[in-house]
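Asks: Sequence:
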Amino acid sequence: MFWVIASTVVAAMMAITMIFIRLRAAKKPASIRKIILPPLMMSTGAFMFLFPVFRVGWIQVLEAIGIGIIFSVFLIRTSKFEVHNGEIYLVPSRAFPIILFSLLIVRIIIKLIIGSYISVGETSGMFFLLALGMIVTWRLSMLYQYYQIKKEH
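Counted from 1, the sequence shown has number 33 at position 28 by my numbering; the numbering is strictly sequential.
Incorrect hints may appear among the rest.
The list that follows gives simulated cross-link-like pairs (lysine-lysine, DSS-like), each with its CA atoms no further than 25 Å apart [unchecked claim]:
| no. | residue 1 | residue 2 |
| --- | --- | --- |
| 1 | Lys85 | Lys155 |
| 2 | Lys155 | Lys39 |
| 3 | Lys155 | Lys32 |
| 4 | Lys155 | Lys116 |
| 5 | Lys156 | Lys33 |
| 6 | Lys39 | Lys156 |
| 7 | Lys85 | Lys156 |
| 8 | Lys33 | Lys85 |
| 9 | Lys32 | Lys85 |
| 10 | Lys32 | Lys156 |
| 11 | Lys33 | Lys155 |
Derived from the structure by calculation, the hints contain no laboratory data. Predicted, not measured: the structure shown is a model, and the values here were computed from it.
Using the sequences and the hints given, assemble the complete structure.
Replies: Listed below in structure tokens is the structure:
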């Protein structure tokens, strides 16, 4: 039970951090590097799968990534770019914090349900894959939008 609570608290802290980072990032021009780096940095977490306790089956991998892709739709819809003074900026949506916290609550509920059937390690592995599927899909969409705007201007 300790690990479930600890991982939930960490997830909430990450969500709050992401809101502040996103709001601060809106004050500076977007760049390809700023779009690509977060999923690359996060992907280093895949080293967790070197340890058997975190490994999940292929069906669980597909489920977790699939749900992450579905969740990313909400983030994609709140990510818009605008051009100001010849620079491309990511415009923060007022709905972003609400959507992020809503996704967090849904993830916590799913985690509590799944956590009663599989181990904490497997649950952690699945939720890492869910988050990775979500951020990679979201950032690929952002990259596409960025290139579209850059091509127009």
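Asks: Indicate, hint by hint, whether the structure satisfies it.
Replies: A quick look at each hint next to the structure:
The hinted pair formed by Lys85 and Lys155 meets the criterion: a straight-line CA distance of about 13 Å does not exceed 25 Å. Between Lys155 and Lys39, the direct Cα distance comes to roughly 15 Å. Compliance with the 25 Å bound is thereby established for this hinted pair. Taking the CA atoms of Lys155 and Lys32, the gap is about 18 Å. The hint holds against a cut of 25 Å. The straight-line distance between the Cα atoms of Lys155 and Lys116 is roughly 40 Å, outside the 25 Å bound, and the hint therefore fails.
The straight-line distance between the Cα atoms of Lys156 and Lys33 is roughly 20 Å, inside the 25 Å bound, and the hint therefore holds. Taking the CA atoms of Lys39 and Lys156, the gap is about 18 Å. The hint holds against a cut of 25 Å. Restraint check for Lys85 and Lys156: the C-alpha separation of about 16 Å stays at or below 25 Å, so the hint holds. Straight-line distance between C-alpha atoms of Lys33 and Lys85 comes to about 14 Å, which keeps the hinted pair within the 25 Å bound.
A distance of roughly 14 Å separates the Cα atoms of Lys32 and Lys85; the hinted pair therefore holds under the 25 Å criterion. Restraint check for Lys32 and Lys156: satisfied, since their Cα atoms lie roughly 22 Å apart, inside the 25 Å limit. Distance hint between Lys33 and Lys155 is fulfilled; the C-alpha atoms sit about 16 Å from each other, no more than 25 Å.
In this structure, the one hint that does not hold is number 4.
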